[in-house]
Structures are given as C-alpha cells and as structure tokens.
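Student: Chain by chain, the residues run as shown.
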Amino acid sequence: MQFFGGSDISPSPPAPTASGNNAHMMYVFNRNGVCLLYREWNRPLHTLNAQQDHKLMFGLLFSLKSLTAKMDPTSMDKGNLGVPQLPGQGCSFHSFRTNTYKLSFMETPSGIKFEIMQFQFLGRGFGENIRFVQIILITHPKTGDLRESLKYIYNLYVEYVVKNPIYTPGAPIRCELFNTSLDQYVRSISYLLFKPRPSGTGDLVLQKAYSLMLISIIKALISVSKSVVKNLGSRDILNII
Amino acid sequence: MAAIYSLYIINKSGGLIFYKDYGSSGRMDTNDSLRVASLWHSMHAISQQLSPTVGCLGIELLEADTFDLHCFQSLTGTKFFVVCEPGTQHMEGLLKVIYELYTDYVLKNPFYEMEMPIRCELFDINLSQATQKDRVALLGR
Amino acid sequence: MATTACFIIVSRNDIPIYEAEVGSATKREDAAQMHQFILHAALDIVQDLAWTTSAMYLKAIDRFNDLVVSVYVTAGHILCVSDFNCVSDKKNTEKMENDIYVIFFAFSVGEVHELYIKILLNPLYLPGSRIASSHFDTKVRALARKYL
Amino acid sequence: MIGVGKIKQYSNVLDKPLSKGKQEVSSSAFAFLFSELVQYNQTQVDNIAELERRLEDAGYAVGARVLELLCHRDKGNRRETRLLGILSFVHSTVWKVLFGKVADSLEKGTEHEDEYMISEKELLVNRFISIPKDMGTFNCGAFVAGIVRGVLDGAGFPAVVTAHFVPMEGQHRPRTTILIKFGEEVLRREARLAVPCDIIGSLFDFCVCSSEHGNFNDLVKAIIATPVDVKYTISLHPNSFDLGQDELS
Numbered sequence: 001m002q003f004f005g006g007s008d009i010s011p012s013p014p015a016p017t018a019s020g021n022n023a024h025m026m027y028v029f030n031r032n033g034v035c036l037l038y039r040e041w042n043r044p045l046h047t048l049n050a051q052q053d054h055k056l057m058f059g060l061l062f063s064l065k066s067l068t069a070k071m072d073p074t075s076m077d078k079g080n081l082g083v084p085q086l087p088g089q090g091c092s093f094h095s096f097r098t099n100t101y102k103l104s105f106m107e108t109p110s111g112i113k114f115e116i117m118q119f120q121f122l123g124r125g126f127g128e129n130i131r132f133v134q135i136i137l138i139t140h141p142k143t144g145d146l147r148e149s150l151k152y153i154y155n156l157y158v159e160y161v162v163k164n165p166i167y168t169p170g171a172p173i174r175c176e177l178f179n180t181s182l183d184q185y186v187r188s189i190s191y192l193l194f195k196p197r198p199s200g201t202g203d204l205v206l207q208k209a210y211s212l213m214l215i216s217i218i219k220a221l222i223s224v225s226k227s228v229v230k231n232l233g234s235r236d237i238l239n240i241i
Numbered sequence: 242m243a244a245i246y247s248l249y250i251i252n253k254s255g256g257l258i259f260y261k262d263y264g265s266s267g268r269m270d271t272n273d274s275l276r277v278a279s280l281w282h283s284m285h286a287i288s289q290q291l292s293p294t295v296g297c298l299g300i301e302l303l304e305a306d307t308f309d310l311h312c313f314q315s316l317t318g319t320k321f322f323v324v325c326e327p328g329t330q331h332m333e334g335l336l337k338v339i340y341e342l343y344t345d346y347v348l349k350n351p352f353y354e355m356e357m358p359i360r361c362e363l364f365d366i367n368l369s370q371a372t373q374k375d376r377v378a379l380l381g382r
Numbered sequence: 383m384a385t386t387a388c389f390i391i392v393s394r395n396d397i398p399i400y401e402a403e404v405g406s407a408t409k410r411e412d413a414a415q416m417h418q419f420i421l422h423a424a425l426d427i428v429q430d431l432a433w434t435t436s437a438m439y440l441k442a443i444d445r446f447n448d449l450v451v452s453v454y455v456t457a458g459h460i461l462c463v464s465d466f467n468c469v470s471d472k473k474n475t476e477k478m479e480n481d482i483y484v485i486f487f488a489f490s491v492g493e494v495h496e497l498y499i500k501i502l503l504n505p506l507y508l509p510g511s512r513i514a515s516s517h518f519d520t521k522v523r524a525l526a527r528k529y530l
Numbered sequence: 531m532i533g534v535g536k537i538k539q540y541s542n543v544l545d546k547p548l549s550k551g552k553q554e555v556s557s558s559a560f561a562f563l564f565s566e567l568v569q570y571n572q573t574q575v576d577n578i579a580e581l582e583r584r585l586e587d588a589g590y591a592v593g594a595r596v597l598e599l600l601c602h603r604d605k606g607n608r609r610e611t612r613l614l615g616i617l618s619f620v621h622s623t624v625w626k627v628l629f630g631k632v633a634d635s636l637e638k639g640t641e642h643e644d645e646y647m648i649s650e651k652e653l654l655v656n657r658f659i660s661i662p663k664d665m666g667t668f669n670c671g672a673f674v675a676g677i678v679r680g681v682l683d684g685a686g687f688p689a690v691v692t693a694h695f696v697p698m699e700g701q702h703r704p705r706t707t708i709l710i711k712f713g714e715e716v717l718r719r720e721a722r723l724a725v726p727c728d729i730i731g732s733l734f735d736f737c738v739c740s741s742e743h744g745n746f747n748d749l750v751k752a753i754i755a756t757p758v759d760v761k762y763t764i765s766l767h768p769n770s771f772d773l774g775q776d777e778l779s
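Protein chains in written order, with this note's numbering: chain A, 1 to 241; chain B, 242 to 382; chain C, 383 to 530; chain D, 531 to 779.
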C-alpha cells in the first residue's frame, strides 16, 4: 500500500525536512517520564497538544516495555505485568512499525560502560539520574534498523548534554551544540535512509552531492572533541557513511 | 529455524477469544494471557493516536530482543497477533491465512457466538495444518 | 366440431388445485358435475398406469361415450387431467380426430406443466395447495384457446 | 445488481423462462445463510431432535421443488418409476445441481434390504460447521436429508431419511451419511413392478438377504407376486439355503 510519497522510486531523494508526509521526530525521556527533548523535523499531523502527546508517548512506551517483558517467550520467570522494569532487566523491545510510521526505541542502561571514567568524580547518584534516558525516533515505516543511529544519538547526548556543566539533570535539554549536531546527523540519516540504492549507473549529480555531504560530516566529526571519535567503533563510522 | 511461540486472537473490544501456545517456555496462564491481550489492544489504539500522519492502522510489527510480534487487524477490529522468533519471514502471510480460516470456520459456524471465545474444533484442525504447512517449526519444548 | 374440455390439475393426494372449463361449446349446467365425475373416475386408472411408463404424457386413458380423457403426470405425481368432447359427424374419422386433439393437448399441457413449475418455485406457494394466481389462470385459458 | 448483460424485465414471473440455471452461487454466501437458518431455528426449539426436524422440513420444501424442476430441465420430462432410477437421480443429478459434484458413494444397506446410504466425505452443508460437544449427535446434514426426502416423496417413494456422522479412521472429520429407509409399499410396488427380465436380479437380491436371516416367506411372496405368465425354472441349490426338501417344493 504505497501510502505516502514513493520514497523508493522517486529519482531525487526527498529533502529530509520538507518532504511529503514521512514524519521525522525524536523524543528523549528520563526515567520518571519527563520529556527532556522533543525534536520535530517533519510532522504533518498534530493530534494532541505537546504536553499530552509526550505523556501519552511515555505511557505507551512504559506499558509496551512491561508487555514485552511479560511476553518474553524465552525466560521462565515471568514478572507480573505493570511492575516497572529496571533498565536492562528482562527483554525489551527496540522498535515497532505501523503502516504510517516506525518508532525506534532505546533505553540506555547499557550506556554505563564508557561514562564510568567521566562520572567518577561526580558521585554515583548524579550519574545515575542523567545516565538513564529513553530515546525515541519516529521515522518512515520502511526505515531499516535504527539501533546504531540511536546509539550514536545517545553518544551525542552524552557529549553535549551530560558533560555540559551548566546542564541541570532532569531539566529539558537547551544545549545549542547538541541540537545542531543532532540536526546534522538526522539529516544525514534520513538522507541515507531515503537514498535509493545507487544502482551502478546512478546519475552523476547524485554521486557528487553525496560525496559533498560526506565531507561535511567528517569535518563535523573532527570538530567534535577527539574522545567522541575515538570511542566510535570503525563499524559505527562505516554505518554512518 | 523460524518458530512461532504463540498465537492470540482478540475481538474488537480487546477480549481474548483464542490463545494457542506453540511451545514457548513457561506457558502463560489464562489470566496473564487475558491481561496481555487487553494490554495489547490498548497499545494498538494508543499507537494509532500518536501517529504523525493521517490514516494509521496501529502497530503491525513489534520487534523485541527475543521475539517479534506480528499483528494483523481486520476491518471489523478483530486482531490476530503471533509471537515468533526474531526475523521470522512471511508471518504476515500466515496471519492472512489464519484470518481466512477464522472467517471460514468460526464466523460461518452457526454455533459460534460473536465476540465469544472460539471453541470450534474445525478451526483448530485447520489451524494446526496451516501452521505446519508453512514449514514453521513448532518448538516442541 | 364443438369441443368442450374440462381441465383439472390434481395434487398427489387427489385434491384438485386448479380447474378450468375451456372450449367453445355452450356450457350445460349439469356438464360441470359430469366432467368432475369422469375425471375423478380416471384417477384410479392413472394410479397404476403411471408406474408402468416413465413418460409423462399418458395419451387417452379412458373413454366415456364421446368424451376422451387424457392425463399428463408430472415428476411429482401432479396429474393434469383433461377430457375433450369431440363431436364428429363421421364414425371412421373419429379415431383420427381424437389423435389431433390428443396431440394438441400434449402441446398445451407441456406449457401448462412449465407454468406449474414456475408457480411451484415460488417459495411462498405451499406445494399441493390451490393455485390462486390469476396470471396462471389467464395464461392457461390463453393456451387452451390457442390449441383447442 | 450488476446482471450479466441486460436483465429483461418480466411483468410476471410466469413469463420468465425457466433458466438453464447455470449461475454460480458463492459458497460463503450460502454458508452464512445456512448458518443464520440454523441459528434462527435454534432459537425456536428447545431440544436437538426438534431442531433437526425443523431443518428437515426446510429441506423437504426444497426437495419437492428440485424434483419437478430437474425432471423438467435435466431429465427432459422423463419420470423415474424405479427405485434404483430415483436413487441414481438423487445421487447424481440432484447432487450435481445442488452441490456441484456427484455424491461420493451410493450403497445398499447390508443388514436391511430397504435401506440405502448416500455418503459424502465433506458435505457442502457441514463444511464449516463444528458441532459443540454438548449437542451430541446433532447433524446439520438433516437439511440435506430433508431435501432427499422431499425428492423421494415427490416421486412417489416415501422414505424416512436421516443424516449421520460416520467416523473414518485416519481422518479428522467424520463422513456424513444420508440413510434412506424406504416405506413398505415402495418395496411391494418395486417387487410388483419387477419386470421379468431383471426378475433374476431382484430375486437374487432377495435370496442373498433372505438366506442370511432365513425369512424365506419374503422369497416365496416375491415369486408368487411376479407376473404368472413368466415361466422360469429357478434352480435353488439346497445347501446354499439349508432348507428341507419339502420347503423347496
């Protein structure tokens, strides 16, 4: 059912922002459901006002998490429904797809490994609160697996938000740098995602624009502090390209 | 080998009318399956509301670490969803086949009362044939 | 050759479901009962005759002075009984004239049989009950005029 | 309704020609209609037997009409006067028109001489119906039994017709069998009508059955009832009938 702009067949990839009705949004929640960040690049339909929308989204994710933990067919012990899951405990879902959008979800209990070094001096409590966050990406239903992108966004989050001294944990994110690099990254993802597979003879214009964009990303990456690049595995960079 | 863990059918008001377990470890008792079914019903509805574009028909596929959940909603609101191993192919096809069996052997059965749990043995017979036929290995755990 | 014919359709348990006086002869009031009497007499002959042949049209099965009775038995054992009074001046031609009328009767009753089936296919018509459809009546009379 | 070509409007149904009747009916439409029929009747009755009787009555009306129509349309105005004739008519012509295929099998009852069975692996009527446990031996095939009874009664072969489930080994679903038990006078007439040439055939039937349970008088009645002017020397082999010499004479 080709429901929206033919993202696959249209020769020129749609510009990510103004393109038809394939939506592109991002939510970041913390553990108690406060929406730290809501970025919207393209949302044709606004059914609810922002505040309700965030609450509904968090509610959906919360119960979906407990539902998946309950339905996990491989584990014997079935916690009863509705009990809030500790991050990382029990199986959790990473995305769901409807006919109009795909929601990719990531919870970051696993984000502990490379922050230990930075948070040593700030004490455990502080780090705990910041570290646990949920990132939700809503994209075109046909987008592929976005778990890597979510990880990358999480890294951006850690770099620009957590390490920003003036940022008070739990408050909505105001860091400019984070937003710009996030925009750049999302534009690159959506550009990549909608890029028709370059069949051998792909027209030249496409190739040129493509390489230009590539250079800009690398420049952006270098400008960011070295530690970020070092931590990204080669696989991540490859994935981005 | 692709495997189905379990199959649920819920009526348009979210009540569970059919639950079949294909060997997932730890079979869910009836209360839990009822809760899961109605929870899924409301999730499905909420996800429609949150849709950024018009005309959303609700969740079709939920991917989790250890399972995939494929859901098919008929026009009248009856939902069929199957829990299977991640990455199982042609589950949508299987759900369509199950939907056909439902329309044949349940709706056309004079002794079946709408929205009530399904007790038609012909439906069970054909269902097990359909799931076998799709070379979907049943976990004989 | 005045021909008076009485045409009766009788259901399985010998209940007449349709009668029609056709033919051009003047009606004598006692003629009506006489026709009824003759036709009902013929019913017994039909009972066992019907089983010996698989044909539906049983030509002339009975004769009553100058009246010839012929019957058409449908699959559901509905009998279309009719008799003609063929007044003929010459003795020897009587045989031939009978056949003519009998053949005419065959044509008309074949179509009456079709009409009956159409009536029967009406789900609201109880098989074996009287045919009260006026259309059926006009059609049968038209057939009779055409053939007799 | 999007008819095939222009549907000619007839002022009265009597002018409408008896169509060849080749239109297909969607099986799911029939299934839903039949399911509604059963559900409606279920609300009207309070026990299973009565439900089956009501289904049979519904079928009877259909049977009476089917007989007339098919004899006119397919049999070219030939009437069935023989038992085997009417049975094969039901088995093939009626089944083909109603259910699209000839019935699976038509057998003669073994234990009783006047019983015949038409069985069908998957009766169209029962295809989508699963009987709940608490309704025991209820069989929606009673509707088809009614049709068969309607046809037989119309043709002058009164009979008691019932539908049964016969489990088949190695099959999930039982077979549906329509049991036809003819009335007494049908058999008597059959015997009377037994035209000489197949006298041996029907006599043989009698010998086979009567010898099994020895009601020899049926055999004698049959011999007497046959038209007398037919001379036949019937060699009854004594030991096949364990009879005394005098009875044979």
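A couple of the hints might just be wrong.
Pairwise CB distance ranges, derived in the manner of DEER restraints [as the list claims (entries may be wrong)]:
#1 D:Lys626 x C:Ala437: 17 to 27 Å
#2 A:Thr74 x B:Thr344: 49 to 59 Å
#3 B:Ala371 x D:Arg718: 31 to 41 Å
#4 B:Glu354 x D:Gly639: 14 to 24 Å
#5 C:Phe489 x D:Asp576: 18 to 28 Å
#6 B:Ala371 x D:Lys626: 48 to 58 Å
#7 C:Lys441 x D:Gly713: 40 to 50 Å
#8 D:Glu554 x B:Pro358: 33 to 43 Å
#9 D:Pro547 x B:Gly296: 24 to 34 Å
#10 D:Tyr540 x B:Thr344: 34 to 44 Å
No lab work stands behind these hints: they were computed from the structure. Backbone N, C-alpha and C fix where the C-beta goes; we use that ideal spot for every residue, glycine too.
Student: Please go over all the hints and tell whether each is borne out by the structure.
Tutor: Against the structure, the hints come out as follows:
1. At roughly 24 Å, the beta-carbon separation of lysine 626 (chain D) and alanine 437 (chain C) lies within the given 17 to 27 Å, and the hint holds.
2. Checking the proposed 49 to 59 Å range against threonine 74 (chain A) and threonine 344 (chain B) shows it is violated: the Cβ atoms sit about 33 Å from each other.
3. Our hint of 31 to 41 Å for alanine 371 (chain B) and arginine 718 (chain D) is violated, since their Cβ atoms are close to 54 Å apart.
4. For the pair glutamate 354 (chain B) and glycine 639 (chain D), the supplied restraint of 14 to 24 Å is violated, since their beta-carbon distance comes to about 39 Å.
5. At about 53 Å, the CB distance of phenylalanine 489 (chain C) to aspartate 576 (chain D) disagrees with the hint of 18 to 28 Å.
6. Taken as a hint, the range 48 to 58 Å is violated for the pair alanine 371 (chain B) and lysine 626 (chain D), whose Cβ atoms sit roughly 30 Å apart.
7. For lysine 441 (chain C) and glycine 713 (chain D), the Cβ-Cβ distance of about 30 Å falls outside the hinted range of 40 to 50 Å, so the restraint is violated.
8. For glutamate 554 (chain D) and proline 358 (chain B), the Cβ-Cβ distance of about 35 Å falls inside the hinted range of 33 to 43 Å, so the restraint holds.
9. A hinted range of 24 to 34 Å is violated for the C-beta pair proline 547 (chain D) and glycine 296 (chain B), which are about 50 Å apart.
10. The hinted range of 34 to 44 Å is satisfied by tyrosine 540 (chain D) and threonine 344 (chain B), whose Cβ atoms lie roughly 36 Å apart.
Of the numbered hints given earlier, the model fails hints 2, 3, 4, 5, 6, 7, 9; all others are met.
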